[in-house]
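Asker: The primary structure of each chain is shown beneath.
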Amino acid sequence: MTGSVQIAPAGDERWHALLSGRTQPAYRCLALRILMIRLKGDYVRAMPHPDAVVEELRAFFRDNLRFAGDDYRNIFGGTGR
Amino acid sequence: MTVAGLERSLFDRDAVAAMIAAGEALILAGEEHLLASLPAGRWIGGTIPYFMTAEAGGTFDRERLFVQRLPQGASVHWQGLLDRDALPRLDATGPDNGYTVILMPSQSEVHRDFALHAIEWPGLFRRPLVGWVTGVALDQVGIDTPRVFDGATATASADRAVVMHVALPDDRHARVDIVNLFTQADGPALTFDEGDGGFTVEHVNVDGVRRRLVDHLAEQGIDTRLPLVADYNGAMINVAIANIDAATGRVTFFAPAFPGTIYRFAAPVEDYERAFAAQIAPRTGDLAFGCNCILNYNYAGLEGRHTGDVTGPMSFGEIAYILLTQTLVYLTIERD
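Going down the list, the sequences are from chains A and B. Per the UniProt record's numbering, the very first residue in the first sequence carries number 1; after that it's consecutive. Per the UniProt record's numbering, the very first residue in the second sequence carries number 1; after that it's consecutive.
It is worth saying that the hints were derived from the structure and are not from the lab. Since this is a predicted model, take the numbers as computed values, not measurements. The C-beta atom is built at its ideal place from N, Cα and C for all residues, glycine as well. It is possible that some hints are incorrect.
Okay, the calculated beta carbon distance ranges per label pair [as the list claims (entries may be wrong)]:
#1 N298/B x G11/A: 21 to 29 Å
#2 A26/A x R8/B: 34 to 42 Å
#3 Q6/A x R335/B: 17 to 25 Å
#4 E55/A x P259/B: 40 to 48 Å
Extracted from the complex, chain B is given alone in its bound form:
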């Protein structure tokens, strides 16, 4: 299967503009200058130049846009930009039957709010929710600004999330799932006290003994490309390390660590490409959305390699109800 029947996933700007002019509903990913040049229409988009493509596997491309069409029979129920005040009720404008796609700029307040609090928001689980965190080329981090675009008004934003609620026919429904190659290794249990968690931490409890995480990392010789992994009732949820500040001893994550949750560092993955292919299949539904993590692209050398048949942007964070990292997210459409 391919995404919504596509044999290609990357298109030049003019081809995408033609799709929009033809009334197609699209979820787009690409560089800011490309998204900003598109006409208004039924599309949302976010900045990122890394993709997992059907035609070439992992690809870095600053001149083309990644296109995910809505599945057959689906329609845009509502789309728009949401600020941090409106975001906790993002479900309110959705359809009775369908799903929601959300994109949010990396390091924005909506990103932070979503990461820390989304699981508490009433209505978050009302319908399937997928999406990703927009970013920039890795050599432009801190220089360029991640943005989202609401195509309905051709408006860009660096501080709001863009949401598209998709309605489905009554005989179909959406299902979200993830592929996380990481499992907990047999290391000590790591927990964070109230006040010690979040995106940036200093102290951790190692099998109950409080100490600096940076010291634990150094003493154990831990490969910091491996995430912390928590077991959410059988779903492995990662917290990936973004930065270690040796001067302050503070460790920054791509997703927050939560007090009260038990983490362990992940076991190494031998062959990402083979592992993705093995874990993605089999499925019963048709793929309608996919995304994966820039860290998987970068750490696993996925350029020119595939992750099964799931394509999509390689993002700065993935969303399957909550913020994830180093995880492949996909949504399928199933017939009743």
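So that you can see chain A by itself, here it is in the shape it has in the complex:
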């Protein structure tokens, strides 16, 4: 459930920065800490076609924003565009 927040579009460069490890924020949410271990590996293996990996991370925030909201706002500055 996302409430009024719109998840950033798949083309947003910040998804790729997270999944490639170029940015490494300190995650607060346990689920995200665990999921990102797999997604980072998936992202490398999926290149040059990482769309499905980006979509999985977007889906995580869409499904879990009520407890992962702090992490989302830390990454995207509180705006989903």
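Use these hints to put chain B onto chain A, whose structure you have.
Answerer: Below, chain B without anything else, positioned relative to chain A:
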């Protein structure tokens, strides 16, 4: 706070049967003969006789059942047994808003599949997931069989997982967290090559040098009650040692070691009871589920001692999205 307002957590069989008859939705833990004697109803259960109780701290009890009621306003959305073919889509029958409790028998194929592959399953992170691995009294390992029970059909299973999807009102949501007292010590980095990982290993790379793990343990005088610890983006994830076979040089774990992950042995914990209490508080939500590890119970001498206010079975493995060991898992319900 107590679990769902309970002042007690252990009840005799007849008291639990009365709760079931009254229509209460329950998550139960206890000996097989107790669970098998219960009437059908809205409950799931698993075998284990070790508990962290509100009333007496750590307890070994073969004649009573540990009860965790669903939180106020929650309802059973779906419950049932899942075999290894169905388990990877365990999320499919869940609610839009809620959480999932899963129990699975120790050493079963569903346990193994979950441990090795759950993190890869689509939908695993769709909603909060907690649970534990069922077991037996430590002096009955290899004699008794760990089982799960689906109360809806009063069916026991030694080879399937039981799942309860819990729906929550729209103004509440669930959150999962863990308390792991172990941190990485300043030892060498331990990694496993492809083909060397899993539940049972022989070789490990010690700061990049491949050798037998059993030799490394002996040479360094490592206390094998301490787990290997990996850093999952700030979450410390343990791999606890179950057995060392001196004849074959193979080391068996309670959870798999994964190739590509960097492990270090844990630093010792001085006072488990005090450390748990310090790390559990503070919380904003109400506790709805808890479990902890039989190894913490056994190694730390938790009988008669508490782990903060979190109660639950002391299990053969804990689940917070993935399989954990030597870790306390809890789920809270928070209001938006």
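Asker: Now, for every hint given, state plainly whether the structure supports it.
Answerer: Do the hints match the structure? See the list:
1. N298/B x G11/A: 21 to 29 Å: 52 Å, violated
2. A26/A x R8/B: 34 to 42 Å: Holds - the Cβ-Cβ distance for A26/A and R8/B, about 39 Å, lies within 34 to 42 Å.
3. Q6/A x R335/B: 17 to 25 Å: Holds - the Cβ-Cβ distance for Q6/A and R335/B, about 24 Å, lies within 17 to 25 Å.
4. E55/A x P259/B: 40 to 48 Å: 26 Å, violated
In summary, the structure is inconsistent with hints 1 and 4 from the numbered list given earlier, while agreeing with the others.
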